[in-house]
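My request is simple: use the sequences and hints to build the entire structure.
Numbering that gives the first Met the number 0 numbers the first residue of the sequence shown as 0 and each following residue consecutively.
What the hints contain is simulated information worked out from the structure, not anything from laboratory work.
Mixed in with the good hints, there may be bad ones.
Derived Cβ-Cβ restraints for the label pairs, each shown as a range [stated by the list, open to error]:
| id | residue 1 | residue 2 | range |
| --- | --- | --- | --- |
| 1 | I47 | E3 | 34 to 42 Å |
| 2 | S111 | K54 | 49 to 57 Å |
| 3 | R210 | D80 | 35 to 43 Å |
| 4 | E107 | E85 | 17 to 25 Å |
| 5 | P29 | E3 | 43 to 51 Å |
| 6 | D162 | I47 | 30 to 38 Å |
Listed next, the in silico DSBU-like pairs over lysine-lysine satisfying Cα-Cα at most 30 Å (straight line) [said to hold, decoys possible]:
| id | residue 1 | residue 2 |
| --- | --- | --- |
| 7 | K26 | K106 |
| 8 | K50 | K26 |
| 9 | K42 | K62 |
Just so it is clear, CB atoms sit at the ideal spot from N, CA and C, and this is done for glycine as well.
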Amino acid sequence: MRFEVILWDVDGTLLDFPAAERAAIRKLFPKFGLGNCTDEMLKRYSVINRKYWNKLERGEMTKPQILVGRFEEFFSAEGMDPSVSERFNEAYQLCLGDTIVFCDHSKELVASLRGKIRQYVVSNGTVIAQTKKLKRSGFDELMDGIFLSEQVGFEKPAKEFFDCVFEELKDVNRDKVLIVGDSLTSDILGGNHAGIKTCWYNPQGIVNDTRARVDYEVRDLEEILGVI
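Okay, structure coming up:
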C-alpha cells in the first residue's frame with residue numbers, strides 16, 4: 000500500500016452529520032417548548048452553525064463559545080428565547096449520537112482495512128457527542144485510536160493538533176499518512192499544516208475555492224481503495 004496510516008474525519012465523512020443534526024434538533028424542539036422545527040428553520044440553522052465552526056477553525060472563538068453562540072443567534076433570529084441555548088446545547092450533544100447514518104459504506108470500508116492499514120479518528124466534535132457516535136456506530140472498536148480536539152487541546156486545522164497526534168503515533172513517516180475528510184478548511188488545510196497527503200471526500204462535487212491543497216479527491220469513499 001502507498002500509505003501506512005489513515006486519519007479519518009467523522010462528521011460528514013464516515014457519518015452523515017446533517018441527518019443526525021436534523022433528528023436531534025427536531026426531537027428537542029418540543030421538549031423545550033419551541034414547537035415544530037421546519038425544514039426552512041433547519042436550513043437557516045445550518046448556515047449559522049457553519050459560520051460558528053469556521054470561527055473556531057480560525058481561532059476566533061473557543062469551543063464553548065461557538066457551541067452556545069450558534070443557538071443564541073439562531074433562536075434570536077427565529078424570535079425565540081435565546082436564554083435556553085446553553086441547556087439546549089447540552090441536550091443536543093447527547094442527542095447527536097442517537098441517529099447513526101453511514102456515509103456510503105463507510106463501516107464496511109473501515110472494517111475491510113482493519114489490520115491492513117492503521118486507522119485513527121481525528122475530530123473537532125465534542126467528546127460527549129463523538130464518544131456516543133463512535134460507540135453506537137462500532138467505529139470505536141474498528142479504529143486503532145481516537146483523537147478528539149477537546150482532549151488533544153487544539154482544534155483542526157491547527158498544526159499543533161496534528162503534532163499531538165504524531166507524538167502518540169511515534170515514529171511514523173508523514174509521507175505514509177493520509178487524512179480523509181469532507182472539510183477543506185478543517186481536514187484538508189489541517190493536513191497541509193501537518194505536512195501529510197490529503198484526500199477530500201467531496202460527494203457533491205463542489206469547487207475548491209479555498210487555499211487548501213487537495214492531493215486526492217473522491218466522490219465515493221470506496222474510491223479511497225484506489226488511493227491508498
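Hint check:
A hinted range of 34 to 42 Å for the beta carbons of I47 and E3 is consistent with their spacing of about 40 Å. One distance hint, 49 to 57 Å for the beta-carbon pair S111 and K54, is violated here, with the actual separation near 37 Å. Checked against the hint of 35 to 43 Å, the C-beta distance between R210 and D80 comes to roughly 40 Å, which is consistent with it. For the pair E107 and E85, the supplied restraint of 17 to 25 Å is violated, since their beta-carbon distance comes to about 39 Å.
Remark: the range hint 43 to 51 Å for P29 to E3 is upheld by a beta-carbon distance near 49 Å. About 31 Å separates the C-beta atoms of D162 and I47, a value consistent with the hinted range of 30 to 38 Å. Using a Cα cut-off of 30 Å, the hinted pair K26 and K106 holds, with the two alpha carbons roughly 26 Å apart. This hinted pair checks out: K50 and K26 have alpha carbons roughly 23 Å apart, not beyond 30 Å.
Restraint check: the Cα-Cα separation between K42 and K62 comes to about 22 Å, which is no more than 30 Å; the hinted pair holds.
Of the numbered hints listed earlier, those contradicted by the structure are 2, 4.
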